[in-house]
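Participant: From first to last, the protein sequence lines are chains C and G. Sequential numbering from 12 applies to the first sequence in our numbering. Sequential numbering from 12 applies to the second sequence in our numbering.
Among the hints, a few may not be true.
As the list claims (entries may be wrong) - Listed next, the stretches of chain G that the computed footprint assigns to chain C, with coverage defined by at least 3 CB atoms under 8 Å from CB atoms of chain C:
1) 187-198
2) 352-360
Said to hold, decoys possible - Negatives, chain G to chain C, calculated, CB over 10 Å:
3) 23
4) 28
5) 30
6) 67
7) 139
8) 412
9) 420
10) 514
11) 538
12) 546
13) 559
For the record, the hints were derived by calculation from the structure and aren't laboratory data. Predicted, not measured: the structure shown is a model, and the values here were computed from it. Backbone N, C-alpha and C fix where the C-beta goes; we use that ideal spot for every residue, glycine too.
There are 2 protein chains.
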Amino acid sequence: MINTFCRKPLWETSRTLAAVAQGKIPADLVITHARLVNVCTHEIQEDVSVAVACGRIALVGDASRCIGPGTQVTDAKGRYLAPGFLDGHIHVESSMMGVGEYARAVIPHGTVGIYMDPHEICNVLGLDGVRCMLEDASRTPLKAMLTTPSCVPAVPGFEDTGACVGPEEIAGTMDWPECVGIGEMMNFPGVLQGDPKVHEITGAALKAGKIVTGHYSLPETGPGLNAYIASGVRCCHESTRAQDALAKMRLGMYAMLREGSAWHDLKEVAKSVTEHEIDTRFAVLVSDDAHPHTLVEQGHLDHILRRALEEGIDPVTAIQMVTINCAQCFQMDHELGSITPGKCADMVLLESLETIKIKKVWIDGNLTAENGSMTMEFPSYTYPEWATRSIHVGEEVTADTFRLPASSGSVTVRAIEVIPGRVGSLERHITLASQNGLLESDPSQDVLKTAVFERHRGTGKKGFGFVKGFGITCGAMASTVAHDAHNLLVIGTNDEDMALAANTLIQCGGGMTAVQKGTVLGTVPLPIAGLMNDKPAAEMSRMVEALEKAWKQIGCTMPSPFMTMALISLACLPKLRLTDRGLVDCESFCFVPLEV
Amino acid sequence: MINTFCRKPLWETSRTLAAVAQGKIPADLVITHARLVNVCTHEIQEDVSVAVACGRIALVGDASRCIGPGTQVTDAKGRYLAPGFLDGHIHVESSMMGVGEYARAVIPHGTVGIYMDPHEICNVLGLDGVRCMLEDASRTPLKAMLTTPSCVPAVPGFEDTGACVGPEEIAGTMDWPECVGIGEMMNFPGVLQGDPKVHEITGAALKAGKIVTGHYSLPETGPGLNAYIASGVRCCHESTRAQDALAKMRLGMYAMLREGSAWHDLKEVAKSVTEHEIDTRFAVLVSDDAHPHTLVEQGHLDHILRRALEEGIDPVTAIQMVTINCAQCFQMDHELGSITPGKCADMVLLESLETIKIKKVWIDGNLTAENGSMTMEFPSYTYPEWATRSIHVGEEVTADTFRLPASSGSVTVRAIEVIPGRVGSLERHITLASQNGLLESDPSQDVLKTAVFERHRGTGKKGFGFVKGFGITCGAMASTVAHDAHNLLVIGTNDEDMALAANTLIQCGGGMTAVQKGTVLGTVPLPIAGLMNDKPAAEMSRMVEALEKAWKQIGCTMPSPFMTMALISLACLPKLRLTDRGLVDCESFCFVPLEV
Numbered sequence: 012m013i014n015t016f017c018r019k020p021l022w023e024t025s026r027t028l029a030a031v032a033q034g035k036i037p038a039d040l041v042i043t044h045a046r047l048v049n050v051c052t053h054e055i056q057e058d059v060s061v062a063v064a065c066g067r068i069a070l071v072g073d074a075s076r077c078i079g080p081g082t083q084v085t086d087a088k089g090r091y092l093a094p095g096f097l098d099g100h101i102h103v104e105s106s107m108m109g110v111g112e113y114a115r116a117v118i119p120h121g122t123v124g125i126y127m128d129p130h131e132i133c134n135v136l137g138l139d140g141v142r143c144m145l146e147d148a149s150r151t152p153l154k155a156m157l158t159t160p161s162c163v164p165a166v167p168g169f170e171d172t173g174a175c176v177g178p179e180e181i182a183g184t185m186d187w188p189e190c191v192g193i194g195e196m197m198n199f200p201g202v203l204q205g206d207p208k209v210h211e212i213t214g215a216a217l218k219a220g221k222i223v224t225g226h227y228s229l230p231e232t233g234p235g236l237n238a239y240i241a242s243g244v245r246c247c248h249e250s251t252r253a254q255d256a257l258a259k260m261r262l263g264m265y266a267m268l269r270e271g272s273a274w275h276d277l278k279e280v281a282k283s284v285t286e287h288e289i290d291t292r293f294a295v296l297v298s299d300d301a302h303p304h305t306l307v308e309q310g311h312l313d314h315i316l317r318r319a320l321e322e323g324i325d326p327v328t329a330i331q332m333v334t335i336n337c338a339q340c341f342q343m344d345h346e347l348g349s350i351t352p353g354k355c356a357d358m359v360l361l362e363s364l365e366t367i368k369i370k371k372v373w374i375d376g377n378l379t380a381e382n383g384s385m386t387m388e389f390p391s392y393t394y395p396e397w398a399t400r401s402i403h404v405g406e407e408v409t410a411d412t413f414r415l416p417a418s419s420g421s422v423t424v425r426a427i428e429v430i431p432g433r434v435g436s437l438e439r440h441i442t443l444a445s446q447n448g449l450l451e452s453d454p455s456q457d458v459l460k461t462a463v464f465e466r467h468r469g470t471g472k473k474g475f476g477f478v479k480g481f482g483i484t485c486g487a488m489a490s491t492v493a494h495d496a497h498n499l500l501v502i503g504t505n506d507e508d509m510a511l512a513a514n515t516l517i518q519c520g521g522g523m524t525a526v527q528k529g530t531v532l533g534t535v536p537l538p539i540a541g542l543m544n545d546k547p548a549a550e551m552s553r554m555v556e557a558l559e560k561a562w563k564q565i566g567c568t569m570p571s572p573f574m575t576m577a578l579i580s581l582a583c584l585p586k587l588r589l590t591d592r593g594l595v596d597c598e599s600f601c602f603v604p605l606e607v
Numbered sequence: 012m013i014n015t016f017c018r019k020p021l022w023e024t025s026r027t028l029a030a031v032a033q034g035k036i037p038a039d040l041v042i043t044h045a046r047l048v049n050v051c052t053h054e055i056q057e058d059v060s061v062a063v064a065c066g067r068i069a070l071v072g073d074a075s076r077c078i079g080p081g082t083q084v085t086d087a088k089g090r091y092l093a094p095g096f097l098d099g100h101i102h103v104e105s106s107m108m109g110v111g112e113y114a115r116a117v118i119p120h121g122t123v124g125i126y127m128d129p130h131e132i133c134n135v136l137g138l139d140g141v142r143c144m145l146e147d148a149s150r151t152p153l154k155a156m157l158t159t160p161s162c163v164p165a166v167p168g169f170e171d172t173g174a175c176v177g178p179e180e181i182a183g184t185m186d187w188p189e190c191v192g193i194g195e196m197m198n199f200p201g202v203l204q205g206d207p208k209v210h211e212i213t214g215a216a217l218k219a220g221k222i223v224t225g226h227y228s229l230p231e232t233g234p235g236l237n238a239y240i241a242s243g244v245r246c247c248h249e250s251t252r253a254q255d256a257l258a259k260m261r262l263g264m265y266a267m268l269r270e271g272s273a274w275h276d277l278k279e280v281a282k283s284v285t286e287h288e289i290d291t292r293f294a295v296l297v298s299d300d301a302h303p304h305t306l307v308e309q310g311h312l313d314h315i316l317r318r319a320l321e322e323g324i325d326p327v328t329a330i331q332m333v334t335i336n337c338a339q340c341f342q343m344d345h346e347l348g349s350i351t352p353g354k355c356a357d358m359v360l361l362e363s364l365e366t367i368k369i370k371k372v373w374i375d376g377n378l379t380a381e382n383g384s385m386t387m388e389f390p391s392y393t394y395p396e397w398a399t400r401s402i403h404v405g406e407e408v409t410a411d412t413f414r415l416p417a418s419s420g421s422v423t424v425r426a427i428e429v430i431p432g433r434v435g436s437l438e439r440h441i442t443l444a445s446q447n448g449l450l451e452s453d454p455s456q457d458v459l460k461t462a463v464f465e466r467h468r469g470t471g472k473k474g475f476g477f478v479k480g481f482g483i484t485c486g487a488m489a490s491t492v493a494h495d496a497h498n499l500l501v502i503g504t505n506d507e508d509m510a511l512a513a514n515t516l517i518q519c520g521g522g523m524t525a526v527q528k529g530t531v532l533g534t535v536p537l538p539i540a541g542l543m544n545d546k547p548a549a550e551m552s553r554m555v556e557a558l559e560k561a562w563k564q565i566g567c568t569m570p571s572p573f574m575t576m577a578l579i580s581l582a583c584l585p586k587l588r589l590t591d592r593g594l595v596d597c598e599s600f601c602f603v604p605l606e607v
């Protein structure tokens with residue numbers, strides 16, 4: 012964002028705004044003949060004009076006296092004018108782009124502000140990486156509010172991350188001008204158990220008068236949820252059942268109803284508001300994760316609004332959920348979230364309320380996008396070299412690296428069974444016949460060798476396991492997007508291809524790849540922290556599509572397998588996961604041996 | 012309030028609350044079998060229990076596991092449990108009591124928090140007086156949030172106040188822990204004209220992230236109201252027409268719908284929500300001014316809620332207007348305004364939603380009032396001696412002091428005509444026959460001599476004029492409650508009684524009195540700043556009643572004349588007013604001579 016959330020603070024512009032409202036000074040911009048989507052009163056107001064000066068709203072009503080010779084006048088011709096959309100919870104890294112290209116991708120879809128939790132880059136590069144994201148954001152018109160990652164590492168002691176961020180460091184960020192609170196407090200067990208370090212983190216935000224954002228994924232809405240909310244957590248995007256979202260709202264927690272690229276929760280959670288006659292001020296729509304091809308093909312919050320309408324939510328109510336409700340959640344409604352005097356002039360012009368088709372987008376009073384394309388140019392940020400050289404594997408990786416000696420001729424191993432479109436995994440016990448004293452993948456059972464290499468500090472740590480469910484018949488795939496430590500993850504049918512996949516990513520600075528019989532079929536290079544690229548969304552989308560084809564070519568039967576693959580290491584989710592330190596039982600939280 | 016708004020900050024209690032919610036530590040208090048008025052979702056939830064610890068809500072739902080041997084258990088027996096009521100705009104001084112006795116009067120009516128603007132004492136004693144009010148408040152369980160008076164004096168250059176508070180001093184109070192913003196910015200002309208000093212005051216609050224509360228009494232909702240709101244003013248309690256309140260809400264301003272002792276606006280302004288199908292989150296109910304007999308005979312916010320119900324507002328919607336809406340207006344909804352985990356345990360138990368009859372009141376989890384009486388004791392505050400010796404008239408007042416020489420045998424004078432129950436006044440030109448070369452009251456025309464004595468610094472300044480409309484036939488009345496400078500105001504039919512009335516108040520340290528033919532018929536002593544007494548509400552109410560009888564005895568035909576009288580000096584309202592400096596034309600803002 013330019014100048015942290017607004018072009019100028021209100022106290023520097025209030026006299027000008029007052030003069031403009033009264034026609035003493037001409038406005039910079041006047042939009043005439045709009046149907047105003049009034050999110051304060053939940054009304055559509057006919058034939059409204061809006062006057063803008065210094066990037067803020069000066070007047071809503073009859074703006075005829077605010078027009079001077081230098082005023083830009085835009086006739087809305089009866090189209091709907093709504094506040095610009097806010098995404099209350101988003102990991103920009105999941106778009107595989109930096110904030111600059113992300114902004115170029117989402118602004119034309121009506122997004123003017125995001126509450127971003129740069130949890131992924133923080134796991135790789137620590138708060139220095141977060142600062143890079145903020146630098147990147149500062150060049151864009153997008154208002155990028157920071158919620159400081161609260162759980163780095165996510166599962167201390169079970170994985171090696173590129174950084175550890177403690178309570179004191181997190182507290183230190185509360186003074187950053189971009190910071191509005193702390194990012195999703197995934198460590199809800201720590202909150203519930205009263206872990207002093209965890210409460211020190213939430214307390215740092217509370218002390219600073221900032222927001223604690225949540226992540227409470229249990230289907231339990233009694234003692235646990237109450238304890239979590241009582242600890243000061245203000246919102247949560249993890250409801251997957253309507254009753255959970257409803258319970259959160261009843262307990263005064265903002266229920267962030269999620270429709271992400273991989274998490275299609277809205278069909279179910281929308282029922283919390285459509286099947287109950289409730290005040291919906293505590294409901295917010297968020298994306299959480301949006302992949303490049305989702306952004307390109309479906310859109311961002313405009314798409315989520317269309318989905319909300321499909322689920323039966325009234326259009327004005329839905330728009331409140333991405334405007335004033337979100338602004339009130341973050342106690343920023345004095346700046347954002349409504350087209351009312353004094354607020355930032357962040358507005359979208361909609362062709363209709365049914366299609367949420369975005370005609371124009373203004374941010375801080377500047378026309379920023381029109382008809383689906385950016386109209387405002389801004390300089391791109393180049394991530395520093397150290398941020399693009401984050402892959403440090405502690406040894407040369409060869410086929411031999413993947414040799415797994417078997418303890419006997421026939422071995423029963425623990426395999427992680429993945430479930431497409433679900434975050435959970437199962438533990439399967441599979442019997443493999445050793446080959447020349449080694450354990451190998453067995454595509455006939457859909458059981459594949461898997462390795463995770465520590466890739467931040469070259470420690471040479473690595474873990475081995477087996478996965479089931481990807482359907483690969485011949486070849487390997489690798490990724491440095493492997494939540495949350497983002498180590499180098501490799502899956503394959505043979506050691507040679509696995510080595511090639513690993514080395515492909517080591518050479519290009521990270522990303523995702525698929526190889527077969529010594530040939531690289533497709534790669535999405537993600538050199539920024541091994542997570543992102545500086546290419547535009549359309550190009551990223553094409554690359555991801557090409558990679559998906561390559562995945563199919565090696566036999567992977569799963570739709571969008573990279574998200575499922577990226578969760579194989581996520582040791583905060585049940586049941587069995589593989590990190591660079593080994594196989595983790597994520598219910599008892601202990602390491603378990605590969606062989607049963 | 013004890014410990015500024017809450018017993019302990021959340022970050023010091025979150026671990027305890029989490030433990031209590033999960034039944035690991037017993038709660039201090041559990042309320043069982045309540046019908047919960049859920050102001051978040053606008054629902055009534057049946058058979059809900061609430062667990063409280065450290066003065067905060069730990070759990071809402073099934074609290075059975077939170078009950079231990081030391082837990083106090085209160086069976087609500089199906090009664091309605093609602094969040095404690097918040098008054099978003101109140102001048103405590105209008106109750107004629109300090110904050111301690113005020114708290115004792117309003118808490119049994121369900122009031123747990125007030126946003127007080129101690130504008131009256133500030134005009135007399137400056138910020139030192141405000142600090143006394145805060146000291147007084149700090150002994151009570153009532154949460155008294157300070158909005159620093161923004162306009163002292165109200166009309167600079169036209170009156171002498173006891174103090175002048177400039178932008179820098181106001182800015183200095185933004186660091187006070189009790190301060191949540193600035194009090195009603197009555198100087199809306201200054202805001203609209205872009206007066207740098209005025210915008211410096213509003214800017215001080217905005218810079219500090221605090222709230223600017225408003226006072227916009229014009230029936231103009233176009234350029235002026237837009238300019239006012241664009242300057243950062245967040246709320247306004249001055250709407251007297253439904254369309255004005257509606258316009259404010261549409262412009263994102265909190266419309267504070269007022270039902271005060273003297274201002275019965277609700278009948279009209281309630282239509283803004285009852286005759287329009289709108290989201291009512293921007294509507295708040297406030298009292299502004301509540302006199303002791305109103306508090307004793309009718310109640311406080313419970314009375315206003317009943318009035319709201321009479322005007323057709325749904326009970327839960329009305330309760331939202333004194334709870335969560337008010338808390339969101341002040342961006343304090345993370346602490347106050349709902350019965351949800353982590354919030355202050357401020358609750359009321361209602362016999363029914365129709366009568367709003369208050370059975371019990373808890374503040375910070377303590378039972379504070381029951382069945383209309385306080386159950387919690389707290390020490391009273393004694394105002395310092397300098398605060399009780401605020402009457403300093405610069406000369407001995409005798410009958411001769413009131414002699415007004417006439418310029419000729421028949422003189423046409425400007426008279427202030429008051430209108431009962433309205434704040435405006437009219438300018439009348441009245442012809443008086445001089446008596447022995449002097450101008451005298453003429454009860455036959457209901458025209459009475461009036462004097463205002465500067466009473467803060469003994470400067471000897473005084474102004475003379477005539478008023479019409481009180482109907483006094485023989486006698487005088489005087490008051491040191493005379494907005495906003497609170498100088499000594501005297502009205503009478505003869506100079507001797509006027510002198511007696513003035514001297515009665517000078518001797519008792521200020522107050523209100525009525526005299527007739529050399530006899531004091533009734534006095535309400537208000538020794539604290541000439542505005543307040545330390546007596547309980549019931550006693551104050553009896554004294555005011557006795558004084559009203561005395562007023563009737565001297566022929567005053569007006570109901571509750573003291574409020575009307577108190578506005579005679581209020582030079583920020585049209586049309587003609589009398590200050591210690593003389594007659595002020597409050598439209599052209601210039602002094603005008605007594606004789607036309």
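Participant: Verify that the Cβ of residue 514 of chain G lies farther than 10 Å from every Cβ atom of chain C, and report whether the claim holds or is violated.
Facilitator: holds (47 Å)
Participant: Over 10 Å to the closest beta carbon of chain C is the bar; see if residue 559 of chain G clears it.
Facilitator: The claim stands: residue 559 of chain G keeps its Cβ more than 10 Å from every Cβ of chain C (closest is about 42 Å).
Participant: Just want to verify: residue 538 of chain G was marked as not at the interface with chain C; is every Cβ pair farther apart than 10 Å?
Facilitator: At about 40 Å from chain C, residue 538 of chain G clears the 10 Å cut-off, so the statement holds.
Participant: Under a C-beta cut-off of less than 8 Å, do 3 or more residues of the region 187-198 of chain G approach chain C closely enough to confirm the stated coverage?
Facilitator: Violated - the region 187-198 of chain G has 0 residues with a Cβ nearer than 8 Å to chain C, which falls short of three.
Participant: Quick check for students: does the CB of residue 546 of chain G sit more than 10 Å from each CB in chain C?
Facilitator: holds (39 Å)
Participant: Would the non-interface assignment of residue 67 of chain G survive a Cβ cutoff of 10 Å against chain C?
Facilitator: violated (7 Å)
Participant: Using Cβ atoms and 10 Å as the threshold, tell me whether residue 28 of chain G really stays out of contact range of chain C.
Facilitator: violated (4 Å)
Participant: Should the label of residue 420 of chain G as a non-interface residue stand, given a Cβ cut-off of 10 Å to chain C?
Facilitator: holds (50 Å)
Participant: With d taken as the least Cβ-Cβ distance between residue 23 of chain G and chain C, does d exceed 10 Å?
Facilitator: Residue 23 of chain G not clear of chain C: closest Cβ-Cβ about 8 Å, inside 10 Å.
Participant: Would you say residue 412 of chain G is clear of chain C, with no C-beta pair closer than or equal to 10 Å?
Facilitator: Holds: least Cβ distance 45 Å, greater than 10 Å.
Participant: Residue 30 of chain G clear of chain C by more than 10 Å, beta carbon to beta carbon?
Facilitator: Nearest chain C Cβ is 6 Å from residue 30 of chain G, so the label is violated.
Participant: Can we confirm that no CB of chain C comes within 10 Å of the CB of residue 139 of chain G?
Facilitator: holds (27 Å)
Hints 1, 3, 4, 5, 6, counting from the list given before, are not met by this structure.
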